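First to last, the protein sequences are chains A and B. Note that my numbering has the first sequence beginning at 13, numbered continuously upward. Note that my numbering has the second sequence beginning at 12, numbered continuously upward.
Certain hints may be false.
Short, incomplete list of chain A residues facing chain B, as computed with Cβ under 10 angstroms [stated by the list, open to error]: (1) P74; (2) L81; (3) P90; (4) V170; (5) G185; (6) S284; (7) Y285; (8) G292.
No lab work stands behind these hints: they were computed from the structure. None of the values given here were measured: they were computed from a predicted structure. Every residue, glycine too, gets a C-beta built ideally from N, C-alpha and C.
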Amino acid sequence: MTDQLETAQHPERLQRVVIEPLTRVEGHGKVTLLLDDDNHIKQARLHIVEFRGFEKFIQGRPYWELPVLVQRLCGICPVSHHLVAAKATDMLIGATQLTPAAEKIRRLMHFGQTLQSHALHFFHLCSPDLLFGFDDAVRHRNIVGVIEDHPEIAKQGVMLRKYGQEVIRVTAGKRVHGTGAIPGGVNKSISTDEREYLRKDIDQVIAWSQAAVELIKRIFSEQFDYHMAFATIDSNMMSMIRADGAFDIYHGGLRAKDPNGQTIFDHVDYNSYEQYLLEGVKSWSYMKFPFIRSLGSENGWYRVGPLARVNNCDFFTTPLAEQARKDFMDVGQDRPVQSTLAYHWARLIELLHCAEAIKDLLFDDDLLSDDLLVKGDMQARGIGVLEAPRGTLFHHYEINEDGLVEKANLIVSTTNNNQAMNESIRQVANHYLDGKQLTEPLLNQVEVAIRAYDPCLSCATHALGKMPLEVNLLNSEGELLDRLQKRADGAVGIPADRENRG
Amino acid sequence: MTDEPQARPILVFAYGNPSRGDDALGPAMYELIEAQQQKAGLLNNVSLLTDFQLQIEHATDLQHRQRVIFIDASLTASPPYEFHPVLPEQDLSYTTHAMSPAAVLSVYQQINRQPPPSAYMLSIRGYEFGLGKPLSGRARSHLQAAFEFLMEGHVLNHEWLVEAWPSRS
């Protein structure tokens with residue numbers, strides 16, 4: 013176990029190394045490592061350095077604005093927030109059962125979002141690590157390096173992203189800031205021309221997705237033991253599940269399993285999530301630490317996202333993804349696959365499923381129907397849950413008589429993975445960094461562990477010049493010994509100022 | 012999926028999060044230019060795009076363009092704005108999911124095996140980027156100055172040479 017690395021004894025006597033901000037991770041996070049004079053790791057933490065204030069942003073707004081408003085919480089998965097807010101506002105207006113057209117159009121949008129998100133993560137953010145190795149030269153270890161050495165793979169990544177974005181555009185009405193999902197349904201159906209347009213490329217998209225699954229299997233098999241061991245932790249896993257146990261990222265009950273695959277709870281109505289989950293707080297992080305109430309904070313933390321979803325489901329409804337799932341589960345040998353790097357593999361199985369599911373929907377005539385909206389009796393409380401690309405996403409709203417939001421609670425996917433990410437970096441610190449002179453490739457291993465979760469630590473603020481990487485080295489007296497800075501343009505050097513941000 | 016042979020020759024890609032304080036400078040410029048197009052019927056040669064941030068697939072939006080102008084908020088630009096040519100560069104803008112304009116141009120070059128259109132970066136100085144915050148007063152002033160530069164300098168209307176537009180701030 014690595015949990016003894018969460019809080020060191022006498023931290024004031026230790027060297028501090030800061031990785032800030034994390035690269036190829038959305039948002040403002042940093043990792044701090046405390047080392048003794050022999051470079052032994054004594055403390056490792058992932059911090060979220062920005063208070064996001066999501067709930068305050070939402071309070072006081074009229075409920076009907078929420079599906080559009082919440083897209084601005086995150087530039088990476090705005091569609092997930094759009095759809096989950098729509099689900100919550102369905103409840104507020106008493107729309108308990110959407111029309112077939114509305115639900116299928118929302119599902120199509122969600123598959124498009126998940127496909128493009130997974131494609132970006134694998135082809136852009138993580139394939140450089142996996143294809144070139146974690147200690148590859150830093151200037152080579154990025155998407156440009158992938159394009160140079162593997163031009164077809166890189167191009168497929170771009171085109172998969174583009175296809176997913178086109179699905180979103182068609183279903184949401186716009187490329188960004190879409191308005192497709194509204195309380196009680198959707199505001200437009202799909203035209204036959206739009207359907208034909210998306211049908212044209214779907215077989216190619218499926219083929220590329222299938223090739224991506226084969227690629228990750230090959231990468232894993234080439235260094236199987238290493239990939240199974242790197243940053244690996246035993247954890248509970250939680251995800252949404254369809255009533256018959258099928259993989260479902262849009263709607264279902266909550267299922268949690270322990271590290272051995274035994275059921276903790278199953279088919280839980282997500283409206284009662286507060287009875288099953290609690291959110292812990294730690295003094296050193298703005299991000300909460302959710303856990304399963306019945307197991308307590310020490311043993312009840314869990315993982316969400318592709319790894320949890322593929323491990324937890326009983327089957328996929330599409331044939332290619334189902335075969336890929338069986339291949340994946342075989343490596344677990346009757347246990348859930350706990351390898352952190354297996355997130356990448358599971359993510360690509362989901363990519364393949366999304367491609368297949370999009371094709372199925374594009375041959376379903378319900379998409380063309382104009383029966384798009386339902387209404388019911390207004391309710392004061394609305395909860396929406398879905399499986400966003402990074403994991404289970406909760407939106408909980410309570411409104412007053414004027415329809416204004418009085419209370420909002422959001423548990424975003426990355427928050428669900430908070431403790432697990434911390435555990436993974438401690439495992440890496442313990443096994444790969446302890447006692448060694450720290451170098452950029454070694455520090456990158458910490459980031460590789462975090463990137464496997466595809467965390468979204470903040471929201472779409474990206475202004476030029478805002479995201480350098482800084483590494484500070486302090487001695488046991490807290491004095492700055494050395495400092496390196498990598499600017500957003502990739503230049504590495506000693507920063508002009510000597511401000512200590514560690 | 013991506014080919015638009017009838018695409019307008021100039022693409023203005025103004026990006027940022029409208030609800031993130033001065034990060035809204037890009038989308039605000041988008042709205043100003045769009046209003047100009049609708050009000051005066053001008054700028055018919057200009058396509059407008061916006062997004063939260065640049066991603067790899069935006070390389071496909073550059074196809075069939077003669078010129079691209081990226082517009083973004085900047086924490087480092089000299090106020091009120093800077094305007095520079097951008098060349099394809101294999102930089103390391105892999106900090107988070109957002110790419111630099113140079114890297115997007117580079118992706119275009121790599122996947123199309125041809126040079127990208129000529130490109131420019133209009134960086135407008137911003138200061139505050141908090142969620143739910145409005146544009147700051149200084150940023151609003153810089154936005155107006157940058158808009159006037161685009162309009163009065165005829166950047167969007169006239170043919171111009173790369174050499175004619177040195178770094179300006």
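Check your understanding: Failing hints, ascending?
Key -> The structure breaks hints 1, 5, 6, 7 and 8; every other hint is satisfied.
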